[in-house]
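Trainee: These protein sequences, in sequence, are chains A and B. Heads up: the first sequence at position 122 corresponds to 122 in the numbering used here, and the numbers run straight through without jumps. Heads up: the second sequence at position 205 corresponds to 1205 in the numbering used here, and the numbers run straight through without jumps.
Some hints here could point you the wrong way.
Covered by chain B, per the in silico footprint, the following chain A stretches (three or more residues, Cβ under 8 angstroms) [what the hints assert, rightly or not]:
| id | stretch |
| --- | --- |
| 1 | 247-260 |
| 2 | 272-278 |
| 3 | 351-360 |
Now the stretches of chain B that chain A is said to cover, found in silico as 3 or more residues with beta-carbon under 8 angstroms [said to hold, decoys possible]:
| id | stretch |
| --- | --- |
| 4 | 1186-1194 |
| 5 | 1215-1221 |
| 6 | 1224-1230 |
Please keep in mind that the hints were generated in silico from the structure rather than gathered at the bench. Just so it is clear, CB atoms sit at the ideal spot from N, CA and C, and this is done for glycine as well.
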Amino acid sequence: MKNWIKLGLCGLMVVSLSGCGGSGKSDVDPQEVYGCSTLNVYNWGEYVGENVLSNFEKQYNVKINYSMFASNEEMYTKLLGGSQYDVLVPSDYMIERMIDENMLQPLDKSMIPNLANLADGVKGLSYDPDNTYSAPYFWGMVGIVYNKNNVDPADVESQGFDVLRNEKYKGHVFVYDSERDSFMMAFKALGYSMNTENEDEIQEAYQWLLDMDKKVDPSYVTDEVIDGMVTGEKDIAVVYSGDAAYILSENEDMAYWLPEEGTNLWSDAMVIPANAKCPKLANEFINYILTDDASYDNSSTVGYASSNKNVLEEMSAPGGEYDGNPAYLPRVGYAKDEVFKHNEVLKKILADLWIKVKNS
Amino acid sequence: MKSFARMLYPYLIWIAIMILAPMLLIILYAFTKQGNSVLTLQFTLENFARFFSDSIFPNVLWRSLKIALITTVICILLGYPAAYFIAKLEGNRKSIMVLLITLPMWINMLVRTYAWRGILLNFPVSSEFKVFVGMVYNFIPFMILQIYTSLTKMDQSLLTAAEDLGANKVQTFLRVTLPLSMPGVISGITLVFLPAVSSFFIPKLLGGGDYVLVGNLIENYFISTGDWNFGSAISLIMAVIIMISMFITKKVDYENKGETRA
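Here chain A stands alone, though its shape is the one from the complex (with noise of 0.2 angstroms):
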């Protein structure tokens, strides 16, 4: 009998990626180092590389509980409602929701030696100016994926978002679901800045948007853009750049194109939540995602740029496994990139006009 519940027990530890027989494991005991043995991380599905949590609990003779989460508000209002993570992995806008909500602690710098590999492109960015809450994990941009067959370039590259509003292409394009990133594209395309207040900005952005779906009747979707684009469903889409990665090492006929107008520049960091259980070990853990080797797993397995300059490096340089593919590395020091900020009135706004272009 005892032989079963730990052979279940067993099972249960591979489930949650904890390794069963202690086979590398170090000596460590990580309750007299970090006073706890269990780090609860909560991140975005399909965003983590296949041997990178595993490893960390070899290393560390821990155990990691991993959740995910679909949207940045989710997580928000999972831990509203009171549940404790050590380790976060929030959008820029969020992550400064989260400072300005007093819901984060500063990182343990002296814990993080790594922060030194964090690419220049990514560190310092306006959410968190001197990364003291935050190590970015991803990052990229939004950009256009074309089928170059069935897409004039020279449209794409004259036209930027407003192609979105060309007619020639009606019935062929998917835009993504979300009323920030669409709103992004109309803000932009008109010229705004994509975090504006002004009423008129709004009121003219939201008209783009309708002319958009008039012109070219577009399809509304969110991760069903991926599958959509590799299998050449559609011949424009907007994405981010990770996922145009993907669909550029998986269909030879699709290009990318950066509009020339500006695009929201955005990175996903780590964070340690105020009450968090596991500070002591979430700092550990953020040190080790950051090294070359997770960092690698990571970009390697999802397809998003790496925050670590070396992995940013060997994976675009000659040989390397997003080498001649555009969409890999993220635009830097372009002055009409924007992060999103964090405005919760825009956000309702935003959010009701974007129902409306929807049902018009």
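Once you've looked at the hints, dock chain B against the given chain A.
Mentor: Here is chain B on its own, set in the frame of chain A:
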């Protein structure tokens, strides 16, 4: 006897935790403002005002009800004859047919809807039509099985009696079979209409995203906007409307029964 009654307690606790508590939370969210912790509740009717202040939200709700209603009617029109003929089949064939009806349900609904997305991808039909296909396909087994059950439960000697008294086939069907199978139709309506009105992934996958129903609206405000208060208010409004329509259905059912008895 008393000890048997005590066996009910686990169920009551289960109901309290799994049904009552979430419902109360939805009501609480619907009447409060966003972003406040439980300690500083601020009650408001703002969420409901927001819903009715813009024609877009009632429009979406109206469209969802319309689509659920049409889906239900199609399910009855297609499902009744199917159930009728299955019920008329002999022993083995009957169970094979019932098995065939339930067979698709062994596979997850989401997976099957994805399959339909692939099938309908290149058909030049409107997204509304695709949504109807998905809805009817997914919900019709519930209708067929309900009607089938009430038809097989029917006392067959009543049919012989009707024939004996000179009723022709049409008369027998209209005055004996149909009224006796109404309970099945009514519970079929409940089982089809309810999930159809709140379905969100069928319109999302098959309608190309620009086909917003109230289920999508709720999903949108919970997941992507993170506005649980407004999402709860929409859910509550929908729940009330569904309760009213169920009440009407039950009432029609009751009156029908009265008629047949008279």
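Trainee: Count the residues of the stretch 351-360 of chain A with a beta-carbon closer than 8 angstroms to any beta-carbon of chain B: does the count reach three?
Mentor: Contact hint for the stretch 351-360 of chain A vs chain B: holds, 6 residues under 8 angstroms.
Trainee: The stretch 272-278 of chain A covered by chain B? Criterion: 3 or more residues, Cβ-Cβ distance below 8 angstroms.
Mentor: violated (count 0)
Trainee: Residue count check for the stretch 1215-1221 of chain B against chain A: does it reach three with CB-CB under 8 angstroms?
Mentor: The restraint on the stretch 1215-1221 of chain B holds, since 3 of its residues have a Cβ under 8 angstroms from chain A and three suffice.
Trainee: Between the stretch 1224-1230 of chain B and chain A, are there enough contacts, at least three residues with CB-CB distance under 8 angstroms, for the coverage claim to hold?
Mentor: Since three or more residues must qualify, the claim that chain A covers the stretch 1224-1230 of chain B holds, with 5 doing so at under 8 angstroms.
Trainee: Verify the coverage statement for the stretch 1186-1194 of chain B against chain A, using a C-beta to C-beta distance below 8 angstroms and requiring 3 or more qualifying residues.
Mentor: Not satisfied, violated; 0 residues make the cut.
Trainee: Taking 8 angstroms as the Cβ threshold, is the statement that the stretch 247-260 of chain A is covered by chain B upheld or broken by the three-residue rule?
Mentor: violated (count 0)
Hint violations for this structure: numbers 1, 2, 4, all remaining hints satisfied.
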